[in-house]
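S.K.: Reconstruct the complex from the two isolated chains, following the hints.
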Amino acid sequence: MKIAIASGKGGTGKTMISTNLFRAAEKEGIDVTLIDCDAEEPNVTEFISGTLTSTKPVTCNIPVIDTNKCVFCGKCHEYCSYHAIVYLPPVKFIKVVEELCHSCGACIEACKFGAIDEKEKPLGMITTSSFNNHANIIEGRANVGIYSPVPVIKESIRCNTESDLTILDSPPGISCPFITTVSRADFVVLVTEPTPFGLNDLKLSVETLRTLNKPFGVIINRAGLGNREVYSWLEENKIPLLAEIKFSREIAHIYSQGKMLVDEIPAFHNIFIDLYKSICNLCK
Amino acid sequence: MNEIAIVSGKGGTGKTVLSAAFATIGEKIVVADCDVDASNLYLILHPKDFQTERFVTGYKAVIDYSTCNNCKLCISYCRFNAINYIEGMVKISETDCDGCILCSRICPSGSVSMVKSNKSYWYIGELPNGRMIHACLAPGEENSGKLVNVVREQARKTAKETGAEIIIIDGPPGTGCPAISSITGVKNAIVVTEPTSSGFHDMKRILDLTAGFKIKTHVVINKYDLNPEVTEQIAVWCQANGYSVIGKLPFDSHVVDAMVNSKSIIEWMPDAEISIKICSIYKTIINN
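Order-wise, the sequence lines are chains A and B.
Throughout the first sequence, residue numbering follows our numbering, covering 1 to 284 in sequence.
Throughout the second sequence, residue numbering follows our numbering, covering 1 to 288 in sequence.
Hints are computed from structural coordinates only; laboratory data are not their basis.
From the three backbone atoms N, C-alpha and C, an ideal C-beta is built for every residue, glycine too.
Treat the hints with care, since some could be wrong.
Unchecked claim - Cβ-Cβ distance ranges computed for the label pairs, FRET-style:
(1) A:E120 / B:E126: 47 to 57 angstroms
(2) A:S81 / B:D64: 17 to 27 angstroms
(3) B:K116 / A:V97: 41 to 51 angstroms
(4) A:D164 / B:G242: 46 to 56 angstroms
(5) A:S232 / B:Q51: 47 to 57 angstroms
(6) A:N133 / B:D208: 26 to 36 angstroms
(7) A:V86 / B:N287: 19 to 29 angstroms
(8) A:K92 / B:Q51: 17 to 27 angstroms
(9) A:F93 / B:I286: 36 to 46 angstroms
(10) A:P122 / B:N287: 39 to 49 angstroms
(11) A:K56 / B:G88: 31 to 41 angstroms
(12) A:V86 / B:K116: 19 to 29 angstroms
What the hints assert, rightly or not - Calculated lysine-lysine pairs in the DSBU-like style (CA-CA distance at most 30 angstroms, straight line):
(13) A:K214 / B:K91
(14) B:K48 / B:K146
(15) B:K116 / A:K56
(16) B:K146 / A:K95
(17) A:K2 / B:K60
(18) A:K121 / B:K216
(19) B:K263 / A:K203
(20) A:K214 / B:K248
(21) A:K95 / B:K187
(22) A:K259 / B:K204
(23) B:K119 / A:K203
(24) B:K248 / A:K246
(25) B:K187 / A:K203
(26) A:K2 / B:K91
(27) B:K216 / A:K203
(28) A:K75 / B:K116
(29) A:K259 / A:K2
(30) A:K95 / B:K60
(31) B:K263 / A:K75
(32) A:K119 / A:K95
(33) A:K121 / B:K204
(34) A:K121 / B:K60
(35) B:K263 / A:K246
(36) A:K203 / B:K116
(37) A:K284 / B:K91
(38) A:K112 / B:K116
(39) B:K60 / A:K203
This is chain B alone, in the form it adopts within the complex (with noise of 0.2 angstroms):
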């Protein structure tokens, strides 16, 4: 089974666009949207969800009131500074509340109770291709990453089950949990940037982090011509630390007119000089 694990450390660089092309141009596959703070890629797929399933992110301490006697042990057990005395009681900001459950433990007139967090879910859904495993964190809620496993556990599941020997996976901005927990395990990942400064610097960030994984890392330059100077010296870069460009893809507006258009840059404008390259760098990949 070959997992490809596509991430950019910054966003917007268009891991989703390349995901989207990659899951229209595979024959049998899987794929596996981690962003799961903002999950995109079901607006071009379209999946058939069959399955449906809730995910409880944590929990979350709430006081009883009429047996809480103002004792304050918890504001000073909480790491979190998630407990302050407000108005002459004792309140606990649910934003700041990671769910350790010390409160709880400790209250000594047991006044803390724990609240299961289930509002986020995830989904199996067909493709004319294979499957996708897709998920909503609720507003607000934590435990992305925890999230992304799961999302990564029913892909390998489902592979197994539909014999699909790819794994597409599209993953979320950032160097932090959920994005670890994207790339753990993969055999190849692709690190979109773009020829910015900033993408640049995130680029080295992320890279850095599948190193530390030991993950085979390619590069794609997107929007390569917005600055060639710059795309030079990513190139230069990678060149220099070991890493492979293995495409550079221009700018070019049909990838905007796709999305709107509910459509992967492969089934809009299959002809389009972008389209021809994000075929050639997917071959590269499965071939690898």
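Next comes chain A alone, as it looks inside the complex (with noise of 0.2 angstroms):
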């Protein structure tokens, strides 16, 4: 089974839920899977880390024009959905740009003169780790600067050997790199705070895996800041409340140092326990 943590607001508590599930998951001999889908800024190996197995490039394919082939005839840069290929044929010039090309190979069709061949670009890393020997942990990081996530998510989502149970930490927002990851999962768990700022986020990212028809429950992270409008939207919208967590120092501050609620604060573990046989259950 694949569970993805997600939340249209970012900084909710998807990374202190994924990581936590994670180690309550391993420790109960759980074979489990831990994937960093936030390639952009991935955050899971602060909290948790294993004994590196594997590292694999994520590249790309980029095109390159020979301009000694190049008859200039303008149609690479017709083809082009991204305007990523400036043509100015007055005075001969064609040139790529990399950082607009999505890859998409359509300049190659349009060339009917073989004056475009193609080069690798690297776009990031998949980190493999393997924790206690029975568990791992995949990480996709994304180059800084690079035009788009998803090629890294997606080959990271790729890389699992089907554990028994997969968490995938899934990017903040509702666009491609959330979509990305959501879509390749069985459950949904979305991460909210008890703020007008969080229901808003939250009412967004339910009507995307609406559309997606995605199974999906919620947990109210930082319980009792705020206000309770959001409880009376998810009964109002007969949302499952999965599990809160309340909002205390002692937690921030376990948070903020890197460390694992469930390793500090023993009751904890059997709250995530619960929460994956909950999730197991709606699933059924």
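M.R.: This is the structure in structure tokens:
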């Protein structure tokens, strides 16, 4: 089973939930893999890391135009949907803007003169580590400044050797990186906080998951801050509340040090195992 | 024109709280909410929108099954693995389709057409002290970077029209295309971080990005008192790497109260320590 931990708003506690769920499951002897899909800002290894087993670069193919063979017909420029080819016919100038290229291959199909070749461009790195010999952590890390983390996210999820439980720590937002992650999950846990910002972004995430037809439930983090509006909204919309984590300076301090709740406060072990069980029941 | 971008790398560090505060301090401003994935600033600033425009995020391929002869050529051409052969039919996964149009161009039977995705919008609204440009990306849509560009362009245009000299940009989390679009060409950027190991880590990545664009970047440590040791580590690192920490803001539950009451902390509690500190950060940036 693949569970994605997601949220529209950033900083609601996705990584805290994913790493603690992973640690609790691992302690129970469950065959579990945690994949850090927040390739723009991967944070899982700030909290938990294992023994490095492999690294794998992620690359894409970028076109290279051979101006000796190019007849400056402009067809590649016309085929490019991303305005990634600058073409100035009067001065016979043609150039690929690598930052804008999506590696779709249309320009190569367009060129009838064999003037376009491809070169590899590094996008990021997939790092796999083993944890206590029976669990795995996979991190997808996109290079700073690349156009989209999506190829890195796809590759990091593809690297998973079918574990009984796979946890996907999702990127924030509701656009391509989020969709790429949650569309590959069987169940999505949305983490929110009881504030107007949290609720507003929760509504957007829920709308997105409904269009994708994904089953989901909600965790309210930092309960006690803010107001009760999110609770009544969940009830009205018949969305299961999977767990609540109260705000406390102690929890904030443990988190800030990069430590795990399940290791520092024993009661959290059962909270996370119960969370896992209730998700299993909802998926039946 | 002075454009100030507020970014963070990590989400939830307080970008919007700081942007809302700046927007209620400034006298004649334009506000650009560039977190188009999950925009929240309008919840505090309540712009009175007078203009609404549709935004085309891109195109999605659609197959006409009355003419498709299952040759599967499109599958071999698609580099996004968005086309698959399922139960005897060539199917396009809408969420994987990047809108490159290649399948439509190569289909021998002309069975693939491109359909516009135009469910996203952007808005211009009045504020008591200026105007605000904000946007709403339709759930599941792509190309948020392009929508950010539109918001930025409109903000500059509006600033020229209204004679505003300051544009406040509330940025998105991350370091990818929407974050890049939010900072390109700005004079000053503020990175809001928090004293957590993940906040520290993400701050370094976003500073890499702003350094790459040669943008003068300042650091604000929010909720600094939740972990004074990490705050100190961040401050030391910033000094060693040539970044100025222009403010440390305390954890204050009034910030959440202000948000619940749809107000900025400046409007809600102008005399609180945090409000006074934010005012001094704003002055430092404006006079920079």
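S.K.: Determine for every hint whether it applies to the structure shown.
M.R.: Hints and how they fare:
1. Hint check: A:E120 to B:E126, Cβ distance near 50 angstroms, so the stated range 47 to 57 angstroms holds.
2. Range check, A:S81 to B:D64: Cβ separation about 20 angstroms, and the 17 to 27 angstroms hint holds.
3. A hinted range of 41 to 51 angstroms is violated for the C-beta pair B:K116 and A:V97, which are about 24 angstroms apart.
4. Remark: the range hint 46 to 56 angstroms for A:D164 to B:G242 is upheld by a beta-carbon distance near 48 angstroms.
5. Distance hint check: the CB atoms of A:S232 and B:Q51 are about 34 angstroms apart, inconsistent with the given range 47 to 57 angstroms.
6. For A:N133 paired with B:D208, a C-beta distance near 35 angstroms keeps the hint of 26 to 36 angstroms intact.
7. At about 39 angstroms, the CB distance of A:V86 to B:N287 disagrees with the hint of 19 to 29 angstroms.
8. For A:K92 paired with B:Q51, a C-beta distance near 43 angstroms fails the hint of 17 to 27 angstroms.
9. With their beta carbons about 42 angstroms apart, A:F93 and B:I286 fall inside the hinted range of 36 to 46 angstroms.
10. Taking the beta carbon of each, A:P122 and B:N287 are about 41 angstroms apart, inside 39 to 49 angstroms as hinted.
11. Separated by about 35 angstroms at the C-beta atoms, A:K56 and B:G88 satisfy the suggested range of 31 to 41 angstroms.
12. The hinted range of 19 to 29 angstroms is satisfied by A:V86 and B:K116, whose Cβ atoms lie roughly 25 angstroms apart.
13. A threshold of 30 angstroms between alpha carbons decides the hint, and for A:K214 with B:K91 the separation of about 19 angstroms falls inside it, so the pair holds.
14. With a C-alpha separation of about 24 angstroms, the suggested pairing of B:K48 with B:K146 holds against the 30 angstroms cut-off.
15. Note on B:K116 and A:K56: the hinted pairing is violated, with a Cα-Cα distance of about 36 angstroms set against a maximum of 30 angstroms.
16. A hinted pair counts as satisfied when its Cα atoms are at most 30 angstroms apart, and B:K146 with A:K95 qualifies at roughly 21 angstroms.
17. This hinted pair checks out: A:K2 and B:K60 have alpha carbons roughly 27 angstroms apart, not beyond 30 angstroms.
18. A distance of roughly 29 angstroms separates the Cα atoms of A:K121 and B:K216; the hinted pair therefore holds under the 30 angstroms criterion.
19. Between B:K263 and A:K203 the alpha-carbon distance is near 21 angstroms, which keeps this suggested pair within the 30 angstroms criterion.
20. Restraint check: the Cα-Cα separation between A:K214 and B:K248 comes to about 41 angstroms, which exceeds 30 angstroms; the hinted pair is violated.
21. Only pairs whose Cα atoms come within 30 angstroms are accepted, and A:K95 paired with B:K187 is accepted, the gap being roughly 29 angstroms.
22. Distance hint between A:K259 and B:K204 is fulfilled; the C-alpha atoms sit about 20 angstroms from each other, no more than 30 angstroms.
23. Proposed proximity of B:K119 and A:K203 is supported: the alpha carbons are some 17 angstroms apart, at most 30 angstroms.
24. About 25 angstroms separates the Cα atoms of B:K248 and A:K246, which keeps this hinted pair within 30 angstroms; it holds.
25. Only pairs whose Cα atoms come within 30 angstroms are accepted, and B:K187 paired with A:K203 is rejected, the gap being roughly 35 angstroms.
26. Of the supplied pair hints, the one linking A:K2 and B:K91 holds, its CA atoms being roughly 23 angstroms apart against a limit of 30 angstroms.
27. At most 30 angstroms may separate the alpha-carbon atoms for a hinted pair to count; B:K216 and A:K203 exceed this at roughly 36 angstroms.
28. Of the supplied pair hints, the one linking A:K75 and B:K116 holds, its CA atoms being roughly 23 angstroms apart against a limit of 30 angstroms.
29. In summary, the hint linking A:K259 to A:K2 is supported, as the alpha carbons are separated by about 24 angstroms, within the 30 angstroms threshold.
30. At most 30 angstroms may separate the alpha-carbon atoms for a hinted pair to count; A:K95 and B:K60 meet this at roughly 27 angstroms.
31. Taken as a hint, the B:K263 and A:K75 pair is broken in the structure, with Cα atoms around 54 angstroms apart against an allowance of 30 angstroms.
32. Note on A:K119 and A:K95: the hinted pairing holds, with a Cα-Cα distance of about 14 angstroms set against a maximum of 30 angstroms.
33. The straight-line distance between the Cα atoms of A:K121 and B:K204 is roughly 23 angstroms, inside the 30 angstroms bound, and the hint therefore holds.
34. For the given pair, A:K121 sits about 26 angstroms from B:K60 by alpha-carbon distance, which is consistent with the 30 angstroms threshold.
35. A threshold of 30 angstroms between alpha carbons decides the hint, and for B:K263 with A:K246 the separation of about 24 angstroms falls inside it, so the pair holds.
36. Using a Cα cut-off of 30 angstroms, the hinted pair A:K203 and B:K116 holds, with the two alpha carbons roughly 25 angstroms apart.
37. At most 30 angstroms may separate the alpha-carbon atoms for a hinted pair to count; A:K284 and B:K91 meet this at roughly 28 angstroms.
38. A threshold of 30 angstroms between alpha carbons decides the hint, and for A:K112 with B:K116 the separation of about 29 angstroms falls inside it, so the pair holds.
39. With a C-alpha separation of about 25 angstroms, the suggested pair B:K60 and A:K203 falls inside the 30 angstroms cut-off, and the hint holds.
When held up to the earlier numbered hints, the structure conflicts with 3, 5, 7, 8, 15, 20, 25, 27, 31 and fits the remainder.
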